[in-house]
Structures are given as structure tokens and as C-alpha cells.
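K.L.:
Chain by chain, the residues run as shown.
Number of protein chains: 2
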Amino acid sequence: MVVKVYGPFYASPKRVLVCLVEKEIEFETSPIDLFKGEHKDPEFLKLQPFGQVPVIQDGDYTLYESRAIIRYYAEKYKSQGTDLLGKTIEERGLVEQWLEVEASNYHPPLDNLVIQILFAPELGLPSDPKIIQESEEKLGKVLDVYEERLSKSKYLAGDFFSLADLSHLPFTYYLANSMEKEYMIKDRKHVSAWWDDISNRPSWKKVLQQFGAPF
Amino acid sequence: MVVKVYGPFYASPKRVLVCLVEKEIEFETSPIDLFKGEHKDPEFLKLQPFGQVPVIQDGDYTLYESRAIIRYYAEKYKSQGTDLLGKTIEERGLVEQWLEVEASNYHPPLDNLVIQILFAPELGLPSDPKIIQESEEKLGKVLDVYEERLSKSKYLAGDFFSLADLSHLPFTYYLANSMEKEYMIKDRKHVSAWWDDISNRPSWKKVLQQFGAPF
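Protein sequences appear in the order of chains D and R.
Residues 1 to 215 in this note's numbering are what the first sequence lists, from first letter to last.
Residues 1 to 215 in this note's numbering are what the second sequence lists, from first letter to last.
Derived by calculation from the structure, the hints in this document are not laboratory data.
Predicted model only: the values in this text are computed from it and were never measured.
Which copy is meant is left open, so a pair is good if it fits within one copy or across any two.
Taking lysine-lysine pairs in the BS3-like style, the calculated list, with each CA pair at most 27 angstroms apart, reads:
1. K40 with K130
2. K76 with K154
3. K189 with K205
4. K130 with K186
5. K87 with K23
Input sequences plus hints: build the corresponding full structure.
P.N.:
As C-alpha cells, this is what we get:
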């Protein structure tokens with residue numbers, strides 16, 4: 001059974017794609033054009049009632065929310081490909097902690113920057129300098145904690161690459177490449193080394209090569 | 001070893017408390033006064049570098065982020081107390097999906113309402129009617145999806161109570177009791193039945209009785 005991933009050209013679905021590559025799981029993709037409103041089609045809403053990507057179909061099993069999907073495959077194929085959950089329940093606890101930090105502390109201000117700096121001009125909407133400034137400040141404080149953490153362990157949850165690091169890839173790609181804010185990473189020595197490490201993984205390079213930079 | 005939970009009087013730590021009660025795990029609590037800034041004390045920041053509650057200490061193991069802590073204990077004591085993760089990997093996948101929906105879709109607009117309606121007046125700050133209106137609209141759309149989902153299964157992830165339902169308890173308590181917005185639940189038949197069911201669990205009543213309504 002081949003896993004089908006909806007929306008491969010966008011950022012959040014790329015969490016799923018890079019996870020599937022790390023876990024050596026075969027998949028196919030089905031494009032969804034958000035700019036044409038395909039995520040609001042009744043047929044798509046049957047799969048994902050909130051009208052968001054990604055969704056996966058795996059036989060008759062349907063699952064959405066990128067961070068739920070990557071947990072599912074990391075657990076289902078625990079001993080295949082890269083182990084992304086840690087070796088003990090305590091290591092998995094730390095993976096979960098940093099996955100939550102990514103979702104709750106890191107992602108919201110970064111998402112604001114992406115919307116204001118990249119998407120607003122694309123859609124012909126004005127950018128709000130106040131939101132940009134506040135979001136950069138918030139993200140900077142989060143990255144200061146990361147800097148301290150990454151001075152003590154190679155990856156976020158410990159000395160092993162995990163879902164917690166992987167989950168940062170698609171949106172940090174914008175920060176490192178597309179918004180003239182790369183100093184936020186480069187000026188922090190340990191964050192910078194961590195980003196160099198995880199963004200050079202063959203899995204992430206393959207996803208970028210096959211599906212392009214996140215849009 | 002008794003688990004120590006920091007910040008029991010606030011809403012997010014109550015996710016942890018209700019989980020520990022469901023799992024029949026002994027715990028003690030350590031109050032943190034956010035209004036006195038105790039979450040910014042250097043000693044506390046050593047435990048939780050972002051200055052947030054909850055944190056737990058369990059022997060020499062420290063963990064933060066409420067939704068990470070509840071996953072940790074649900075897994076560590078899988079066969080003790082209420083099973084909160086489902087019986088199969090596929091059921092756990094759906095628990096993870098709805099935990100993510102709670103964190104990403106449900107919580108942000110509800111949190112905005114709580115801040116604007118309950119906390120701003122408490123802190124002598126003005127409320128923003130535009131944020132209140134937009135947040136209510138967003139939350140209403142999310143609740144419409146819940147209504148549809150809960151017309152088909154008794155709980156969010158299926159016909160079993162899980163972390164996904166439990167995670168909704170502390171903040172939905174505000175919505176159902178403290179903001180004159182209880183119609184958002186009562187007007188939706190299946191959401192209303194679900195809320196009656198989960199908010200009447202002995203575990204939640206015990207947490208409210210012992211630590212008061214979320215603040």
C-alpha cells in the first residue's frame with residue numbers, strides 16, 4: 001500500500017514528506033492548489049474538514065495534521081529507517097516537549113513573519129511593520145533558548161536527530177533563505193550549526209529537489 | 001517517587017493534573033504565582049527556560065509543555081488507570097490528530113477570548129472588541145466541525161475517551177462557565193453532550209475541587 005500525501009508543494013506537508021523519506025516509506029503525492037481554493041472543495045473537505053493540508057491516505061486510513069502524521073509513521077515503522085522518537089520513554093518525552101515548543105512557541109511568530117513578509121506582497125496585501133517587529137522579537141527570544149539548549153546537546157531532544165528537529169525544517173527554510181532574516185540563525189553559533197546539520201540531511205535535500213522550496 | 005507539578009492553579013497545568021488523576025499516579029504540587037512574576041525567577045527558568053507553566057519533576061527527570069507531559073504519562077503507565085491513547089497505532093494516530101487540532105485550531109481563538117474577556121479587565125487593560133468578534137467567529141467554525149465529528153463518534157478520536165478530549169477541559173471550562181459565551185457549546189447538540197460527559201468525569205471534578213477553577 002502506497003501512502004498518498006495531499007499538498008506536497010506547501011510547507012506543512014513537507015514535514016510529512018521528509019519523515020516518509022527518513023522512514024524509507026514509499027509514497028505518492030496529490031497536489032492541492034490553495035490559490036485556486038481546492039482545499040475548500042467538498043470532496044477535499046470530506047478528507048480534511050478544516051480545509052488544510054496535509055492529509056494522508058493509507059489504504060482506508062485517513063489522517064491529517066502534519067505533526068500527528070509524523071508521529072504515526074515514526075511509531076508504526078519504529079525499527080525501519082531513522083529512529084525519530086528516541087530509545088526510551090524518557091527520550092520520547094523530550095521529543096514530545098520540543099515538538100510542542102516548535103508548535104506553540106517557535107512556529108506562531110515565524111508563521112507571522114512568513115505571512116507578512118512573503119505572502120502579503122504576493123497576494124497584493126499590505127504588510128504590517130508592527131507585527132513584523134513584534135514577531136521577530138518573540139522569535140528571537142525563542143531562538144535564545146534554543147541557542148542555550150543546543151550548546152548542551154547536538155539536537156533539541158538530546159544527542160539524536162528526532163521528529164522535534166525534523167518538524168522545524170520547512171518553515172525554518174524560509175527564515176534561512178527567503179526573508180532577509182538569515183542573521184537570526186547565523187548570529188547564533190549553536191543554532192547555526194544545528195541548522196547546517198539538519199538542513200543538509202539527504203532526506204530534506206531530496207524533498208526540496210523533488211517538490212521545490214516550500215511555498 | 002512522587003511527581004511534582006508546578007503551577008496547579010492555572011489552566012494548562014490542569015491538563016497534567018487531570019491526566020495524573022485518570023492514570024492513578026500520585027503527585028504533589030508547587031504553586032507558582034505568575035502575577036508576582038515567579039515564572040521569571042532564575043531558579044524557575046532553570047526548569048522551564050521559556051518561563052511557562054506547567055513543569056513536572058519526577059525524580060531527576062524534568063519535563064515541560066502540558067501536552068508533552070500528558071503523552072509521557074499516558075504512555076509510561078499505559079496499562080494503569082484509564083487508557084488515554086487508544087488500543088491500536090491507528091487509534092493513537094487519531095488521538096494525536098485531535099490533540100493537534102486542539103492545540104492549533106481550537107486553543108488559539110479560545111485563548112484570545114479568555115485573554116480579552118477575562119484577563120484584560122483583571123489587569124486593568126482595555127479589551128479589543130475586534131479581536132473578540134474575530135476569535136468567536138473562528139472558534140465557532142471549529143466547533144461546527146466538532147459538532148459534525150461528534151455526531152458520528154462519542155469522543156473526538158473515536159468511541160473512547162482519550163488525551164484529545166482531556167486536553168480540552170481547562171480552557172473549555174472558561175467557555176462553558178465564565179465568559180457569557182456558553183451558548184457556543186449549548187447551541188450545538190453533540191458538542192454539548194460531549195462537554196457534559198467529559199466535564200462530569202470524577203477526575204475533572206476532583207481537580208476543580210482541589211485546585212479551584214482555572215485562573
